[in-house]
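*Asks:* Go by the hints and put chains B and C onto chain A.
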Amino acid sequence: MRKFFAIAAAAVALALGGAGTASAEQVKVGFSPEAYPPFYVQDASGQWTGWEVDITKAICAEAKLDCVLTPIPWDGLIPSLNTKKIDAIMNSMSITAEREKEIDFSDKYYNTPTAVIGPKGETFDATPESLKGKIIGVQVSTVHAAYAKKHFTDAAEIKEYQTQDEANQDLVAGRIDATQADSIALDAFLKSDAGKECCDLKGYVAPDLEVLGPGVGAGVRKGDTELKDKINAAIKAIRDNGKYAEITKKYFDFDIYGDDVQSN
Amino acid sequence: MAVMSDAAVPRPRLQAWLKPHRIGLIVLALAIVLAAVFLMRWDWLPKYLPLALQGLWRTIWLLVLSVAFGLALAIPLGFAQAAGPVWLAVPARAFCTVIRGTPLLLQLWLLYYGLGSLFPQFPWIRESFLWPYLRQAWPYGLLSLTLSYAGYEGEVMRGAFAGVARGQLEAARAYGMPRFTAFRRIWLPQALHRALPTLAGETVLQLKATPLVATITMVDIYAVASRVRQDLFVTYEPLLLLALVYMIITGILIYLFRMLEARIPQRLG
Amino acid sequence: MDALLTLAASGIGDLLAFDPPGWGSRLLTGLIASVEIAVGAFGLGLLIGVGGAYGKLYGGPVARDLLEVYTTVVRAVPELVLILLLYFAGTDLVNRLLAVLGYQAVDINGLIAGIGVLGVVQGAYSTEVLRGAILAVPQGQIEAARAYGMSPGTMLRRITLPAMLPFAIPGLANLWLIATKDTALLAVVGFDELTQTTRTAAGATKAYFTFFFAAGILYLALTLASTLVLSRIERWARRGVPSLAGST
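Residue numbers (the numbering used here), protein chains in the order written: chain A, 1 to 264; chain B, 1001 to 1269; chain C, 2001 to 2248.
In isolation and in its complexed conformation, chain A is listed as follows (with noise of 0.2 Å):
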């Protein structure tokens, strides 16, 4: 009986033991752990890597914050940051007026535009027209989830995913028609061995800045203005003295900042 209890025992104090005190200056910098190449991908020693890591580092030494990657699915970033759990998100995660209700945005850190990509064979383009009684997948609880709803919905079906991996194998599977995310996420896609075969791109989607927003910024808690302003001054930095565009040439041939318009 005493072997009984003393299991239990060492059962609790095996999960307690792992619970330390969060240390004052650390940032717990929350991601969503799925390959989002080229901008989050795990290799299979448990690395991340990516451009938006790299990305993430760079502006963490350059505000001397102790940054700790801490994975967290897509739809609960934001709940987590105002519970604390994480500091910041930086994720890809699009400024959006929606969003801003619940958080603070950094300054933009890059800006791309969004595509629907296709089976190969296949031709139609980004508009509701051309899209009509078509099954679009996308990511659920991102801009262009937003976007496929408000400008899709009347014409196609509108699958959620619960990462864009996901939709982007369904449409390998050919069980959606099209899938529309970030143009540099799917072409990263559309160059792969799985994405070659199957798919192309169709088009890019009219702007709509309401719901798309002026680009991708590093989440923070309302009214941390401490962080980040830290991460406002550190994404300057490094856009300034060419770090930022070092980065970016390891992974692109252009500048994906986009326009050189202060977004907030």
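Please note: incorrect hints may appear among the correct ones.
Unchecked claim - Chain C is faced by these chain A residues, among others (derived, beta-carbon under 7 Å):
(1) 35
(2) 72
(3) 165
Stated by the list, open to error - In silico DSSO-like cross-links for lysine-lysine, where the CA-CA straight-line distance does not exceed 30 Å:
(4) A/249 to A/28
(5) B/1047 to A/134
(6) B/1047 to A/150
(7) A/250 to C/2206
(8) B/1047 to A/101
(9) C/2206 to A/101
(10) A/249 to C/2206
I should point out that these hints are in silico values taken from the structure, not numbers from a laboratory.
C-beta: ideal position from N, C-alpha, C; glycine also.
*Replies:* For chains B and C alone, kept in the frame of chain A given last:
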């Protein structure tokens, strides 16, 4: 489940149930509910109500169909294990072991994404008459839930078939009953009767498994609650309401099964 | 078909190789994480269960009713919903409570949250299993212990727990198997256990079928190994109990 059963009893027992401390607890619970109603955010409710009703309907038919098909599969699975020849008993046993030994979520993903990833290698699939169904998510959800229910209930049916007294079967044979008639008239009814008490529990477990289909793009009641969370970033309210909805469905299920059990006479020796 | 066969021959071995770029070691890490959570959740559930069963049997009327509400709610609401509720709200509440008490906020990592959440779910089922087992202990044994003037603590440790064990083990064994499978649900909140690792690996390599299949085999191996050990424990716990007590 006793709380729910108590709610359904007539007045004399209700008075016995309503002790002073329970009145206090009920007042406390009402206060919490009222606080939730007035202090939390519910303005999204009217807008999402039509979608929620659709989701609820999808959850319910998914539950009813998967339980019905699963039970229909469980009977041969259980019978094969209890009395079938080895070449039937072994695969049936293996099936139940695999279903019961792996998480349903993984089975669902293997069926949906795993099979889906193989489609491009077989272009003829897209020409086949099944393609309109293979494209959608619900056949995978229904199949996966059905197989799961069959696996768990098949194990129950095995025990139920094995538990029917041999003497009765021998008596049936002595009366010259054909084997199938003996199965239909003697063996199956008694086995089902023995398995009946487990059905309510298994069906509630099945209900609790249905939200997993939201991960393969099916819009059930759980997915609607997730959508509210994702669209408006309201976290707790839709989840709390969802928990309440599932509790109500569970309560109804238990009530229905109790009615069913009460209708079937206890005449087992 | 040829393409598939060659793919099967060359690809799967490489994908599941132990060293990167194979994903074998990652899958094993995921499996270990799953086992850790299952052990933690089962242990926590057992503690809650012992307390819950005692509360239900010997507690005051309020404690009994509250425990009834707890077990009813947990057994009626899908684990997935409870996990999301407890995962988001639970850590929030813990930290608010700590703030009220004047402590620093703790960083509740995924492992703790996962164990906590599944432990609460397991606790409800454990409560029922243990309550049934305690009720199955012959009343005379407890009366005898009381007559000898044993304190309630000693009685629990020396009489009730050992005597109820043979009745509790089959139910608890079943709960352990449920715990190992329920860890997969934590994939939905992004915890890096076996199912989530498999999903990542499948997404990165596009070999969805291979990886989900491989993970299925790992879970099955865990279940079968557990069943083997559990049946031994059951036999051990039942030694000295007259055979009519067993139902198998």
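*Asks:* Now tell me, hint by hint, if it's right for this structure.
*Replies:* Evaluation of the provided hints:
no.: 1; hint: 35; verdict: 4 Å, holds
no.: 2; hint: 72; verdict: 6 Å, holds
no.: 3; hint: 165; verdict: 4 Å, holds
no.: 4; hint: A/249 to A/28; verdict: 27 Å, holds
no.: 5; hint: B/1047 to A/134; verdict: 25 Å, holds
no.: 6; hint: B/1047 to A/150; verdict: 15 Å, holds
no.: 7; hint: A/250 to C/2206; verdict: 24 Å, holds
no.: 8; hint: B/1047 to A/101; verdict: 19 Å, holds
no.: 9; hint: C/2206 to A/101; verdict: 37 Å, violated
no.: 10; hint: A/249 to C/2206; verdict: 27 Å, holds
In summary, the structure is inconsistent with hint 9 from the numbered list given earlier, while agreeing with all the others.
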